[in-house]
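Undergrad: Sequence:
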Amino acid sequence: TLGAMGLRAMLVGVCMLVSVGSLRPARLGAHSPALSARASAARACRSAVRMGESIVVTDGIDSFYSSRTIFQTLHDYGQYDSITAASSSVADAKKMLLSRQARYSGLIDMLKFSDADFADVLAGASVWLAINAKEGELSSQLAAAKAAGVKRVFILITVDGPTAAFSDVDALKASLEASGLAYTVMRTGGLVAAGGGGGLKLGDVDLPTCADVPREDVYRFVTESLSLPGAVGRIFSLCPSVDDSQFKEMRLAGCNRREEAEALLAGVIIEKLPEEEQQEEEKKVSEEEARKSALETEAEREEELKELLVKARERGVEAARKKKEAEEALQAKRAERAQYYIAQEEDEKSDDNSDDTDTPPPPAPPPTPPSPPDSPDKPDEPPLAMA
Numbered sequence: 004t005l006g007a008m009g010l011r012a013m014l015v016g017v018c019m020l021v022s023v024g025s026l027r028p029a030r031l032g033a034h035s036p037a038l039s040a041r042a043s044a045a046r047a048c049r050s051a052v053r054m055g056e057s058i059v060v061t062d063g064i065d066s067f068y069s070s071r072t073i074f075q076t077l078h079d080y081g082q083y084d085s086i087t088a089a090s091s092s093v094a095d096a097k098k099m100l101l102s103r104q105a106r107y108s109g110l111i112d113m114l115k116f117s118d119a120d121f122a123d124v125l126a127g128a129s130v131w132l133a134i135n136a137k138e139g140e141l142s143s144q145l146a147a148a149k150a151a152g153v154k155r156v157f158i159l160i161t162v163d164g165p166t167a168a169f170s171d172v173d174a175l176k177a178s179l180e181a182s183g184l185a186y187t188v189m190r191t192g193g194l195v196a197a198g199g200g201g202g203l204k205l206g207d208v209d210l211p212t213c214a215d216v217p218r219e220d221v222y223r224f225v226t227e228s229l230s231l232p233g234a235v236g237r238i239f240s241l242c243p244s245v246d247d248s249q250f251k252e253m254r255l256a257g258c259n260r261r262e263e264a265e266a267l268l269a270g271v272i273i274e275k276l277p278e279e280e281q282q283e284e285e286k287k288v289s290e291e292e293a294r295k296s297a298l299e300t301e302a303e304r305e306e307e308l309k310e311l312l313v314k315a316r317e318r319g320v321e322a323a324r325k326k327k328e329a330e331e332a333l334q335a336k337r338a339e340r341a342q343y344y345i346a347q348e349e350d351e352k353s354d355d356n357s358d359d360t361d362t363p364p365p366p367a368p369p370p371t372p373p374s375p376p377d378s379p380d381k382p383d384e385p386p387l388a389m390a
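Note that my numbering has the sequence shown beginning at 4, numbered continuously upward.
Calculated from the structure, these hints are not laboratory results. There's no promise every hint is true.
What the hints assert, rightly or not - Keeping only pairs whose Cα atoms sit at most 20 Å apart, straight-line, the calculated DMTMM-like set for lysine to aspartate or glutamate is: (1) Lys309 - Glu299; (2) Lys275 - Glu252; (3) Lys115 - Asp84; (4) Lys137 - Asp112; (5) Lys149 - Asp163; (6) Lys154 - Glu140; (7) Lys98 - Glu138; (8) Lys287 - Glu303; (9) Lys97 - Asp84; (10) Lys97 - Asp120; (11) Lys115 - Glu140; (12) Lys314 - Glu331; (13) Lys287 - Glu274; (14) Lys326 - Glu310; (15) Lys287 - Glu299; (16) Lys137 - Asp84; (17) Lys286 - Glu303; (18) Lys98 - Asp118; (19) Lys275 - Glu180; (20) Lys176 - Asp215.
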């Protein structure tokens, strides 16, 4: 339908904002050497751009059990030079994070652990990711981050942490603005393991409730937002959406998760309520019916035009046939007249020739004089002599 085509065209335009080289080979064809080389070059390029960046991750509940997968996500898609897990116990942090996947993926080569004071942990770091942050400690932590030279801060609060919702958003924003740091504050619901890849929506940070969100989706969004300019200076909530149609359209168009995050931050992806979806569907049906009606009308016109053309062609053929017959009859009549005139001329010539060649007939003998009447009494006498 026209609505779907317009939406797809818009989402494809969003996909074009990010280089084709950043798309995963699995999306474009994992068996293509050219695409694989292009993707590898793009990853190397991003790594070179971020050379020297290091990130410190803290969890307000002082345990990385529920947030342990964020480190693998940061390694796979963030490509920092070093990732530091800061907690009160290095031993416990290692138990949570030193997995077989960490060894095989190379995460273990850049993963660091620290139980030092917060200010000392941040020394030399450029990014601070605060998971399950404590609202009461944020002001002092922001001051320490600024003193340590941190440039980028991402604060994530969930219902699983000590602060499920901010009590004073204005005061938090004032502290963030005063720090001079590039910040992002995001609130979400409970983090669950299942159901990744569904619909998401952005909303106000002070929403009354926010349902559970797949942990994979949240951590991937956080990882991508750390390097997206559209996330800087933003305070919002990330919640699940019952409408995942736009995500499906983007994925059909070849967009990746980074482009989905960029579209969410840009306001391109918005949730459609069931009533709106029904209205949209009715609109699509109406447009489809109108389109079909127009197509049917056009088809009928084309059929009528074909019939008219056939009839015109038949009339043309019949007119040509009659014209040909009339011309043939005229030619036959002309030929007949020509033969007639030729025959007349030949007859006249024949008569003239016969008059010129015939001899005149001999003169007729003189008439015989009548005999005198016979006399019965006298014998025949000789005729009198001529005097």
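Undergrad: Each hint should be assessed against the structure and marked as holding or not.
TA: Now the hints, each set against the structure:
1. In summary, the hint linking Lys309 to Glu299 is supported, as the alpha carbons are separated by about 15 Å, within the 20 Å threshold.
2. Proximity of Lys275 to Glu252 is assessed by CA-CA distance (about 14 Å); at most 20 Å being required, the pair is judged to hold.
3. A C-alpha spacing of about 11 Å is found between Lys115 and Asp84, which places the hinted pair at or below 20 Å, so the restraint holds.
4. Note on Lys137 and Asp112: the hinted pairing is violated, with a Cα-Cα distance of about 30 Å set against a maximum of 20 Å.
5. Of the supplied pair hints, the one linking Lys149 and Asp163 is violated, its CA atoms being roughly 27 Å apart against a limit of 20 Å.
6. Proposed proximity of Lys154 and Glu140 is supported: the alpha carbons are some 19 Å apart, at most 20 Å.
7. Our distance criterion of 20 Å between C-alpha atoms is broken by Lys98 and Glu138, whose separation comes to about 28 Å.
8. Our distance criterion of 20 Å between C-alpha atoms is broken by Lys287 and Glu303, whose separation comes to about 24 Å.
9. Among the hinted pairs, Lys97 with Asp84 is consistent with the structure: their alpha-carbon atoms are about 19 Å apart, no more than 20 Å.
10. As the CA atoms of Lys97 and Asp120 are separated by approximately 18 Å, the hinted pair is consistent with the 20 Å bound.
11. Of the pairs offered as hints, the one joining Lys115 and Glu140 is violated, with about 24 Å between alpha carbons and a cut-off of 20 Å exceeded.
12. Of the pairs offered as hints, the one joining Lys314 and Glu331 is violated, with about 25 Å between alpha carbons and a cut-off of 20 Å exceeded.
13. For the hint linking Lys287 to Glu274, the alpha-carbon distance of about 18 Å falls within 20 Å, and the restraint holds.
14. For the suggested pair Lys326 and Glu310, the alpha carbons sit about 24 Å apart, so the restraint of at most 20 Å is broken.
15. A hinted pair counts as satisfied when its Cα atoms are at most 20 Å apart, and Lys287 with Glu299 qualifies at roughly 18 Å.
16. Proposed proximity of Lys137 and Asp84 is contradicted: the alpha carbons are some 27 Å apart, above 20 Å.
17. For the proposed pair Lys286 and Glu303, the alpha carbon gap of about 25 Å is over 20 Å, so the pair is violated.
18. Proposed proximity of Lys98 and Asp118 is supported: the alpha carbons are some 14 Å apart, at most 20 Å.
19. Our distance criterion of 20 Å between C-alpha atoms is broken by Lys275 and Glu180, whose separation comes to about 33 Å.
20. With a C-alpha separation of about 25 Å, the suggested pair Lys176 and Asp215 falls outside the 20 Å cut-off, and the hint is violated.
Hint compliance for this structure: hints 4, 5, 7, 8, 11, 12, 14, 16, 17, 19, 20 are not met, and every other hint is.
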